[in-house]
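Model the full assembly from the supplied sequences, consistent with the hints where possible.
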Amino acid sequence: MSATGAGRRRSPVTWAKRGGLSSVVFALPVLVVFGVFSWWPIVRSVVMSFQKTNLVGSPRWVGWHNFVFVLTDPDLPTAIRNTLYFALLALVIGYPVPLVTAVLISSVRRYKGLYSVLAYLPVVVPPVVAVLLWKFFYDGSAQGVFNTILRWVGLGPYSWLSSPSLAMPSLVIEATWAAAGGTVIIYLAALIGVPDELYDAAEVDGAGIWQRVWHVTMPQLRGVLLITFILQIIGTVQVFLEPYLFTDGGPANATLTILLMIYNYAFARSLGGNYGAATALSVMLAAFLAVLSLVYFKLTSRWSKS
Amino acid sequence: MKYSRTTLAFAIVGVLALSGTLVACSSGDKNNNSGSSTTLDPNTKVTLNVVGLLPGSKPEAQQALADLVTQFQTANPNITVKTHDYEWKATTFAADLAGGTLPTVFEIPFTDAKTLIANQQISDMQAYLSQLSYASSFNKNLLQYGQGDNGDVYAIPAKSVYAIGLHYNRDLFTQAGLDPSKPPTTWDEVRADAKAIATKTGQAGFAQMSQDATGGWQLTVDTYARGGRMEDGKKATLTNDATKAALQFLKDLRWTDNSMGANFSYDWSGINQAFAAGKIGMYTSGQDVYTSLVQTNNINPKSYGLTMIPLSGGDSGVLGGGTMAAVSSKATNNEKAAAVKWIDFYYLSKYTNQAAAVKNAQTQVASKQPVGTPELPIFSQAQYQQYEDWIKPYVNVPLDQMTTFTSNVFSAKLVNEPAVATQDVYKSLDPVVQAVLTNKDANIDQLLSDANSKAQRAIDSAG
Amino acid sequence: MTFPPTSGGSGRATAGRAATDVATPAVERLPGAAPTSSAAGLPLPIRKRRASQFDGGRGYVSEQEWRSRGVSTTMKTLHLILLVLLVVVGVGPMLLLAKFAVTPTQDIIRSPLAVFPHGMRWQNISEAWNDVQISRYFLNTIWLAAGSWFVQVLVATTGGYVLSVLRPAWGRIVNGLVIATLFVPSVVLLVPLYLTILNPPVVGTSLINSFFAVWLPSGASAFNVVLVTRFFDSLPREVFEAAKVDGASSYRLFWSVVLPMSKPILGVVSVFATIASWKDFLWPMLVLKDPSKQPLSVRLPAIASQTDLGVFLASLAISTLIPVVFFLIFQRLFLSGAGLGGAVKG
Numbered sequence: 126m127s128a129t130g131a132g133r134r135r136s137p138v139t140w141a142k143r144g145g146l147s148s149v150v151f152a153l154p155v156l157v158v159f160g161v162f163s164w165w166p167i168v169r170s171v172v173m174s175f176q177k178t179n180l181v182g183s184p185r186w187v188g189w190h191n192f193v194f195v196l197t198d199p200d201l202p203t204a205i206r207n208t209l210y211f212a213l214l215a216l217v218i219g220y221p222v223p224l225v226t227a228v229l230i231s232s233v234r235r236y237k238g239l240y241s242v243l244a245y246l247p248v249v250v251p252p253v254v255a256v257l258l259w260k261f262f263y264d265g266s267a268q269g270v271f272n273t274i275l276r277w278v279g280l281g282p283y284s285w286l287s288s289p290s291l292a293m294p295s296l297v298i299e300a301t302w303a304a305a306g307g308t309v310i311i312y313l314a315a316l317i318g319v320p321d322e323l324y325d326a327a328e329v330d331g332a333g334i335w336q337r338v339w340h341v342t343m344p345q346l347r348g349v350l351l352i353t354f355i356l357q358i359i360g361t362v363q364v365f366l367e368p369y370l371f372t373d374g375g376p377a378n379a380t381l382t383i384l385l386m387i388y389n390y391a392f393a394r395s396l397g398g399n400y401g402a403a404t405a406l407s408v409m410l411a412a413f414l415a416v417l418s419l420v421y422f423k424l425t426s427r428w429s430k431s
Numbered sequence: 334m335k336y337s338r339t340t341l342a343f344a345i346v347g348v349l350a351l352s353g354t355l356v357a358c359s360s361g362d363k364n365n366n367s368g369s370s371t372t373l374d375p376n377t378k379v380t381l382n383v384v385g386l387l388p389g390s391k392p393e394a395q396q397a398l399a400d401l402v403t404q405f406q407t408a409n410p411n412i413t414v415k416t417h418d419y420e421w422k423a424t425t426f427a428a429d430l431a432g433g434t435l436p437t438v439f440e441i442p443f444t445d446a447k448t449l450i451a452n453q454q455i456s457d458m459q460a461y462l463s464q465l466s467y468a469s470s471f472n473k474n475l476l477q478y479g480q481g482d483n484g485d486v487y488a489i490p491a492k493s494v495y496a497i498g499l500h501y502n503r504d505l506f507t508q509a510g511l512d513p514s515k516p517p518t519t520w521d522e523v524r525a526d527a528k529a530i531a532t533k534t535g536q537a538g539f540a541q542m543s544q545d546a547t548g549g550w551q552l553t554v555d556t557y558a559r560g561g562r563m564e565d566g567k568k569a570t571l572t573n574d575a576t577k578a579a580l581q582f583l584k585d586l587r588w589t590d591n592s593m594g595a596n597f598s599y600d601w602s603g604i605n606q607a608f609a610a611g612k613i614g615m616y617t618s619g620q621d622v623y624t625s626l627v628q629t630n631n632i633n634p635k636s637y638g639l640t641m642i643p644l645s646g647g648d649s650g651v652l653g654g655g656t657m658a659a660v661s662s663k664a665t666n667n668e669k670a671a672a673v674k675w676i677d678f679y680y681l682s683k684y685t686n687q688a689a690a691v692k693n694a695q696t697q698v699a700s701k702q703p704v705g706t707p708e709l710p711i712f713s714q715a716q717y718q719q720y721e722d723w724i725k726p727y728v729n730v731p732l733d734q735m736t737t738f739t740s741n742v743f744s745a746k747l748v749n750e751p752a753v754a755t756q757d758v759y760k761s762l763d764p765v766v767q768a769v770l771t772n773k774d775a776n777i778d779q780l781l782s783d784a785n786s787k788a789q790r791a792i793d794s795a796g
Numbered sequence: 012m013t014f015p016p017t018s019g020g021s022g023r024a025t026a027g028r029a030a031t032d033v034a035t036p037a038v039e040r041l042p043g044a045a046p047t048s049s050a051a052g053l054p055l056p057i058r059k060r061r062a063s064q065f066d067g068g069r070g071y072v073s074e075q076e077w078r079s080r081g082v083s084t085t086m087k088t089l090h091l092i093l094l095v096l097l098v099v100v101g102v103g104p105m106l107l108l109a110k111f112a113v114t115p116t117q118d119i120i121r122s123p124l125a126v127f128p129h130g131m132r133w134q135n136i137s138e139a140w141n142d143v144q145i146s147r148y149f150l151n152t153i154w155l156a157a158g159s160w161f162v163q164v165l166v167a168t169t170g171g172y173v174l175s176v177l178r179p180a181w182g183r184i185v186n187g188l189v190i191a192t193l194f195v196p197s198v199v200l201l202v203p204l205y206l207t208i209l210n211p212p213v214v215g216t217s218l219i220n221s222f223f224a225v226w227l228p229s230g231a232s233a234f235n236v237v238l239v240t241r242f243f244d245s246l247p248r249e250v251f252e253a254a255k256v257d258g259a260s261s262y263r264l265f266w267s268v269v270l271p272m273s274k275p276i277l278g279v280v281s282v283f284a285t286i287a288s289w290k291d292f293l294w295p296m297l298v299l300k301d302p303s304k305q306p307l308s309v310r311l312p313a314i315a316s317q318t319d320l321g322v323f324l325a326s327l328a329i330s331t332l333i334p335v336v337f338f339l340i341f342q343r344l345f346l347s348g349a350g351l352g353g354a355v356k357g
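Chains as they are written, first to last, in the working numbering: chain C, 126 to 431; chain A, 334 to 796; chain D, 12 to 357.
For the record, the hints were derived by calculation from the structure and aren't laboratory data. Take the hints with a grain of salt, since some may be wrong.
Derived pair list, reagent style SDA-like, types lysine to any residue, alpha-carbon separation capped at 20 Å [what the hints assert, rightly or not]:
hint, chain 1, residue 1, chain 2, residue 2
1, A, LYS746, A, THR519
2, A, LYS701, D, ASP142
3, D, LYS110, C, GLN268
4, A, LYS533, D, ILE120
5, C, LYS177, D, LEU209
Next up, the structure:
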């Protein structure tokens with residue numbers, strides 16, 4: 126803990142004695158790990174997007190070639206469309222559900238713990254296990270688990286993962302199941318912080334329960350809601366596991382997402398990955414998300430202030 | 334907290350330089366090419382990493398392999414062999430190659446060899462190969478896959494030389510009222526039989542692979558069988574009539590007859606598993622799949638049948654392929670010398686040496702592994718027939734259930750897989766097959782034309 | 012009717028306030044202790060049993076309304092419906108998995124929802140454990156989690172110590188660089204990190220198939236560093252001053268003063284690290300190519316088409332058991348971390 130004066134040179138011994146050396150020693154893990162496995166790869170990613178790398182010779186500079194290659198890939202519009210579709214579906218299905226659940230659980234008086242545990246349980250299941258299990262549930266034959274259940278209410282067997290129109294919604298349903306619990310807990314934690322006086326005052330003013338929820342609880346949650354909204358968008362835009370394990374981008378590219386394209390460029394080509402294209406696409410995606418976040422925060426901060 | 338600008342500058346430079354130098358000190362190539370002889374000194378110890386069985390193979394199969402390794406090591410006390418489970422998949426091979434996690438001796442399909450040679454990823458084995466007595470007896474058509482521009486042999490034809498066959502479940506045939514000894518010989522008969530199986534047994538009458546480039550592979554099979562081709566030199570010709578007819582066939586079976594079951598995302602091992610479990614009546618795949626069905630999927634031998642794939646139209650042929658053994662370009666000369674001995678022992682000697690053939694067969698039988706699964710000859714047809722005579726006493730696969738195949742395959746016209754960017758062409762066709770099987774209103778012409786542009790793109794960038 | 016306006020400030024400030032409110036109770040309260048007062052300083056209802064950590068405040072329903080029949084019945088019905096839904100939707104799939112784990116394959120295929128028409132098949136489990144060798148992949152998963160945990164705790168505590176306590180001149184830059192990585196999506200790292208593992212600096216040989224390829228990169232978690240730094244920031248400086256006056260060196264201060272005080276945050280970081288490691292799929296799949304080194308998450312999809320269905324589902328069940336049991340035992344830690352994490356992200 127040292128405050129240094131401006132521009133004064135000290136001898137190495139003084140520096141070490143004053144704690145300079147110990148700072149460096151303690152900082153070594155962070156610096157080395159971040160340097161080698163985070164900062165340098167980020168820089169390298171941008172560099173590689175302008176190169177052609179094939180692991181045998183040394184990389185060649187190819188200017189914008191990779192970006193052009195990616196942008197003219199006939200599968201790219203499909204991937205973008207599917208990714209946005211997934212994000213949208215996840216918002217519609219997966220954004221309100223945790224909120225409603227959390228608000229309801231917060232009014233439970235005795236067994237809140239039980240409800241929280243039940244809600245969070247799917248989050249604890251390893252994602253790979255969840256996907257493989259649901260893949261079995263989604264079996265398209267008449268004896269598939271979901272088809273059997275739907276048969277009880279007279280709904281005919283669906284092809285789920287083999288249907289280009291049902292595949293993406295199937296993925297979203299499982300993804301929501303697996304992730305909603307985490308968001309419920311976040312909201313529950315935020316709900317503790319709603320001051321009692323606000324509810325008291327609202328009651329005094331004659332507001333009923335529903336009005337209290339709408340005019341007190343929701344505005345209090347606004348901050349957290351805004352954050353989870355953008356976090357969900359950023360997260361769903363990068364979805365990889367579900368499209369990869371459920372359908373490998375199929376059927377007929379109906380579940381091909383941007384992350385899956387990046388993976389395919391780099392790791393799924395039989396005779397050598399196109400690392401330039403993979404990094405070019407990831408750089409473009411990262412830039413898009415950065416711009417999106419900036420715009421979002423600008424907009425929402427203005428909105429909150431008004 | 335104030336800080337001097339100098340310190341700041343040093344800090345930034347320091348961090349970046351630290352990371353930069355750490356990366357700049359990249360690993361040198363540790364290729365140790367000591368020794369210039371091509372024969373292995375019996376006193377030099379070598380450890381050789383080789384490809385073993387498919388992951389998930391039964392313990393008995395692993396035991397048979399272990400026995401073979403012991404035999405080899407006894408005959409070559411200076412060589413230690415380590416086997417590694419391996420399944421070749423178009424989508425993981427490149428990563429394995431790049432990651433250097435492939436064993437020194439590994440297996441590749443015929444179609445990949447030339448690209449690996451061009452990328453300098455496999456070793457020139459000509460000098461070592463010449464030590465083998467049968468080096469000049471290889472089937473020239475197979476050998477050319479693994480030859481470089483200079484005519485040297487890099488990859489050696491090793492195993493699973495196959496033609497595509499139509500595999501069928503005899504039990505399902507019987508249950509559907511069909512005669513299992515009279516499998517279909519035309520595509521119309523396939524359609525009719527599939528319908529019968531689906532209606533009378535509830536299982537899929539016919540199934541087709543569609544994932545991981547196998548969709549394109551099998552569609553190419555269907556195309557060849559109807560007289561079409563996928564490439565013309567460096568031009569993609571996916572939009573030919575034979576492919577359209579093949580897709581229309583699938584469409585009819587799927588949507589009009591509903592005889593293809595409910596699962597349309599099979600890859601090579603998935604369809605094997607479903608077939609062995611009795612869920613599929615017929616499907617096309619390499620003729621030697623039976624070995625895998627026994628070793629990995631617990632098939633009931635009595636239910637297995639193999640026949641020729643129906644051919645229609647002039648210029649129709651049966652897709653043929655196979656597996657080569659290659660040695661990593663990073664191998665030392667000692668490893669290459671040891672590799673050639675292993676390749677000889679494990680893959681090839683049984684076809685040319687009676688004692689080796691018998692020993693191999695006995696070892697397999699001792700662990701209840703299939704002996705006698707039909708293959709295509711690596712050397713000459715005469716040699717192959719002699720091999721069959723040698724192992725006749727040990728054959729334990731139901732050859733009499735495969736006669737319609739074995740008696741016709743040698744006279745069939747064999748067609749090689751597309752030569753340029755093979756797996757990429759196949760991958761571009763996967764969505765087409767998936768679309769036809771999952772979307773009632775799939776527009777075959779549109780899909781093929783899109784796939785054609787993708788395939789052309791891949792062919793162009795393969796250079 | 013007008014209601015009191017919400018407290019001013021941007022949305023983020025509100026979230027920040029909620030975060031502080033949440034952060035303090037979660038950090039100060041040891042698991043299991045009964046809450047005596049909330050952060051807002053209002054008395055909580057005194058409970059005789061252990062209360063949930065999410066209890067606090069009076070909520071939007073008043074005591075009076077709970078006593079009225081109409082409100083009480085409506086709320087209780089809603090709660091009951093929610094409970095049933097949570098059980099069916101949340102726990103249902105797992106109960107089904109447990110059932111499948113001991114059901115013969117043919118029954119699973121033909122009548123999945125019937126209750127053991129042909130009896131149970133316990134061999135599924137023993138076959139999964141032995142033949143499919145789930146035990147080995149399980150061990151791999153644990154090894155990977157342990158190593159990742161260690162690296163993450165090491166990096167986060169030492170990094171947080173430097174940034175928060177030692178505060179050298181260049182600390183600001185490092186802090187900035189670390190936080191900057193929070194805004195970079197991990198996909199950007201995928202390819203170059205893979206190439207770095209193929210060809211790591213200094214070491215010379217590829218790290219593919221080595222557990223280090225998973226352990227080391229896991230340490231580069233800005234989230235952990237931020238979490239720990241913030242926590243250290245909240246520790247009272249007087250304790251440090253006192254120790255320094257007593258002549259403690261930086262190392263002594265770290266080991267004997269700061270670390271012991273950090274147990275709560277270490278608990279949270281540990282939970283995150285372990286969960287993240289258990290869930291990890293893409294990265295281990297890329298760098299651990301040798302099947303004998305792979306964790307469960309990578310191995311299970313690979314063997315799906317080579318394994319009998321009943322045995323496969325038993326394998327899935329075994330893989331789920333440990334995290335679930337872990338969670339049920341350490342609920343408070345998990346849930347406080349989950350809530351805290353979300354709030355801190357704001």
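I'd like to know which numbered hints this structure contradicts. Please list them from smallest to largest.
none
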